[in-house]
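Place chains L and F on chain Y using the hints.
Residue numbers (the numbering used here), protein chains in the order written: chain Y, 4 to 309; chain L, 293 to 592; chain F, 748 to 1121.
It cannot be assumed that every hint is accurate.
[Stated by the list, open to error] So, partial list: chain L residues that the calculated Cβ filter (under 10 angstroms) puts toward chain F:
id, residue
1, Leu410
2, Tyr414
3, Gly415
4, Tyr416
5, Trp426
6, Phe463
7, Arg465
8, Pro468
9, Gly474
10, Met475
11, Arg483
Note that these hints are calculated values from the structure, not bench results. Positions of the beta carbon are idealized from the N, C-alpha and C atoms, including for glycine.
Listed below, chain by chain, are the residues.
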Amino acid sequence: MTSSSYATARPVQIRWHPAIVRSAPVIVIVLGLIAVWYVAAVLMNRNLVRSQFERDDTPYTTGELIAGTLDAERPLLPAPHQIIETFSEDVFGWPVTSPRSLIFHSWVTLSATFLGFALGAAFGIFLAVLIVHARTLQKSLLPWIICSQMVPILAVAPIVIVVLGSIGLRGLFPKALISAYLCFFPVTIGVVKGLSSPDPIQRDLMRTWSATQPQIFWKLRWPSAVPFLFTSLKVSITISLIGAIVAELPTGAQAGIGARLLAGSYYGQTIQIWAALVAASLLAVLLIGLISLIERWVGELMGGRA
Amino acid sequence: MMAPGKGAAARLPRANTPFHAVEPMQNLASVATLTEKPAVSAPLAVDVTDVSLTFETADGQVDALSHVNLQIAEGEFVSFIGPSGCGKTTLLRLIADLEQPTAGSLSVNGMSAGDARLKRAYGYVFQAPALYPWRTIEKNIMLPLEIMGVPDSERRERVKRYLALVNLAGFERKYPWQLSGGMQQRASIARALSFDPALLLMDEPFGALDEIVRDHLNEQLLRLWDKTNKTVAFVTHSIPEAVFLSTKIVVMSPRPGRIIDVIDSNFPRDRTLEIRETPEFIKIAHRVREGLRSGHSYDE
Amino acid sequence: MTLSWKQAAMFVAAIGMLAAVAAPLSNEPTADLFGRPMLLAAILLSAALYAASAFVSARLSIAVTFAGVLVGCGVTLVLLRDDTIEGYAASGFWVLVLANWIAAWLGVAALASVKLHDKAAGRMVDLAIPLLFGAFVFYLWEVVVRGFGVPSVLFPAPSLIGVRFFESLWMLWQDFFQTFILGVLTGYAIGCGAGFLVAIVANRYTFLGRGLLPIGNFVSALPIVGVAPIMVMWFGFDWPSKAAVVVVITFFPMLVNTLAGLNAAGHIERDLMRSYGAGQGQTLRKLYLPAAMPFIFNALKINSTLAFIGAIVAEFFGTPTLGIGFRISIMAGRMALDVVWAEIALAAIAGMAFYGIVALAERATTFWHPSYRT
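Chain Y on its own, in the form it takes in the complex (with noise of 0.2 angstroms):
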């Protein structure tokens, strides 16, 4: 028995409320990084706004040209409001069809992300599935897999893609491929884990049963493999998310956010840029959320916490 089972003790103490102790501190680096960013924006735009005033021979107070760093129209770093402003612009301004909507280029790369996903997902459980029963494999073909990861798809990229149009696949299945060979490896892995992970007991269990493999692999080798299989999943979708923006550039694509990104360093859009990302990123945090929402609805089915 180890003081590990009571807390420690102090003479007086003010006792806050557990959720402003967790969350205290990441609000205050928050507000302090948002400061630090407008502090930043004045800087680095100065330059900027002052050979602008100069150009235009207006005499400028300090107060005008901070205001100015703030609110330049191609800035080195634009201020987070002009970020949120041009962000809204993009998203609610425009119909959602149009090729200016921000909403359009999210699902024009959502699309091959969960298409890439769906792919990578599948593939990587086969594939662990397979590793785990045939120790061949595992010795012969897991290295190679490993191997895989070291390789910088963005390499392959546009190969992949020169060869698939070639034979007629343009568009969202070469994008969706790159995202499934990015993202099948977590998924292998984690489920490899998870597949492996019962205690040799439990094992021996099923052999006093004389299960067959069959068996034993959808009653106690799946079930075990759940929670392992979401954590992989979570990281999984956001490599495939990467992946799909990445997919969209080596060919200069016209639609999705990464041909958004290089639109806006193509004609000089910084903040348009900036308003990409947040909505990648966005799209990063919807995703992780969804699957966290299948997780616990698994999870209920499954009888409660695993």
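Leaving out everything else, chains L and F in the frame of chain Y:
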């Protein structure tokens, strides 16, 4: 038959003498013995005065200890016994300055527990060996010596001596996971002794081991205590272990922790495990058991 | 005499080899095997080895199988050098390939189930299995592409890529230097170093740590790679912008993992340090940092792959006329796919070597962790 505790003041500590000369950190107790201050009563290693400790937990306040008074003289081997949750580990941690009391005062070697800790007055042995897996056994024993700034030349020498003392000579280059549980715990004891503290605090050190190894280690610990003349505070669950090892047994009650009984025990210092079947042993064990029963240790 | 299915399969392989004598080698008129006596002899040898491996003892049969595979693959590769066969290969050719495939598969499977007592030999076998597997995959690639006559503009054979690789060594070196040494390594060093230092500070001041950890976790999940165009805007076209992207990508996983690692030391070990009266710096150096090593190396390994991806993505947004990403996009546009594949081979080798070095360093410093001892 000399009562073990009282003799320490008059006797020069045998094995320790060569090292107290170079030891940078000396505790006051051994200084007192060297200069042979006329001791009317044996100097106190630990003096606990009306100590209480209340924890703030998520479920409200927990009274771990309540008005505990205790004195441990130098050279004594004191066991704390009681059911889980009676505060015996907490009391040990208070002495070690790993916790602070909410009421009452504590002195170790005549100074506050905090000062004693900073002066490296005690060695602590936990329930688990807590050896660092990235260090060899040798380096693990050296860890406190590195922290306390003991010179390089002396470190190796001490490691060899204390490993020999716990019968682990030759295992210097091994890693903790290559040793059995009992051997790891012995290494942990050697580590606690390596900087030569006068006080040894042990929290159920043999709890995780099987009975055969435990018996063996009990005997070894006794020999060690006899040879080095340390003061030992020992927490245990096991009545036979407490009675076998100690010069004084402190029986504690469940929460809030109180001392129910303090039993003095006078077995000869060179005793072996056979005394566990003698009538004196059984009588003392019986008294311990009665103390536990009266403290409602068995009702829960 | 009953045959195990493995023995039966080896017989099938042997028969397959012999069947090539009867079946047409090519869709174009060409000399059959009787007109190629050396190859015929080799085929017979290979078939004999396959058949023999079904009978000899387990360990020997592995060696015999692989000897047969070597001969059999050699035959097909030599056949491909004939213009009348390359691009027009027919069933006779393919049955040879199939037979080799069966034999190779069985050989690898046998190797995988071999139990060795010697640990060093065991590790060598563990290394050999994926290598042999991979070598055979390359062989299949070679014969399929050349046998079916897949246009090399689309999907070149490994031998062609190898030739192009060695022809363009200088260009490859320049690209490698630009992307990897200047972009990846600098960014990796700065990003991981910064993440590490911030984690140490955040560990010291708990408030900071409790705030940064959730934020770090959050940012790690975002498509950070999207800051590439912004970095190009800030740092220009050359390698500093690539390094900057790599810094941003590697910072957060390093921060999060180091923080987790610094908290990984156990309760008892911390109490031990306290009982020695150890100072903050001593506890950090002797306990927290060594205990954090497994976590730190986990981040270093993840970052090694992320860094490479980041540098190449950054190149898509602007780069001087150098760099792996740049070369690939330009050459892909020109349909010079063999150069693209050579660059991919370069990227693959560099990526695996980088990861391998980090993994070796990990093994040297965290040999004590339970995950290595099982």
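Results of checking the hints against the structure:
The beta carbon of Leu410/L is positioned within 10 angstroms of a beta carbon in chain F (closest approach about 5 angstroms), and the interface hint is therefore held. The beta carbon of Tyr414/L comes within 7 angstroms of a beta carbon in chain F, closer than 10 angstroms, and the hint placing it at the interface holds. Restraint check, Gly415/L versus chain F: the minimum CB separation of about 8 angstroms is within 10 angstroms; hint holds. Contact between Tyr416/L and chain F, as hinted, is supported at the beta carbon level, the nearest pair being about 4 angstroms apart and thus within 10 angstroms.
At a threshold of 10 angstroms, the smallest CB-CB gap from Trp426/L to chain F is about 5 angstroms, leaving the interface hint in force. This hint is violated: Phe463/L has a C-beta 16 angstroms from the nearest C-beta of chain F, more than the 10 angstroms allowed. A distance limit of 10 angstroms between C-beta atoms decides the matter here; for Arg465/L the minimum to chain F is near 14 angstroms, and the interface restraint is violated. A cut of 10 angstroms between beta carbons decides the hint on Pro468/L: the least distance to chain F is about 8 angstroms, and the hint holds.
For Gly474/L, the suggested interface contact is broken, since its CB lies about 18 angstroms from the closest CB of chain F, more than 10 angstroms. For Met475/L, the interface hint is violated, the least distance from its beta-carbon to any beta-carbon of chain F being 17 angstroms, above 10 angstroms. Below 10 angstroms, beta-carbon pairs count as interface contacts, and Arg483/L has one with chain F at about 9 angstroms; its hint therefore holds.
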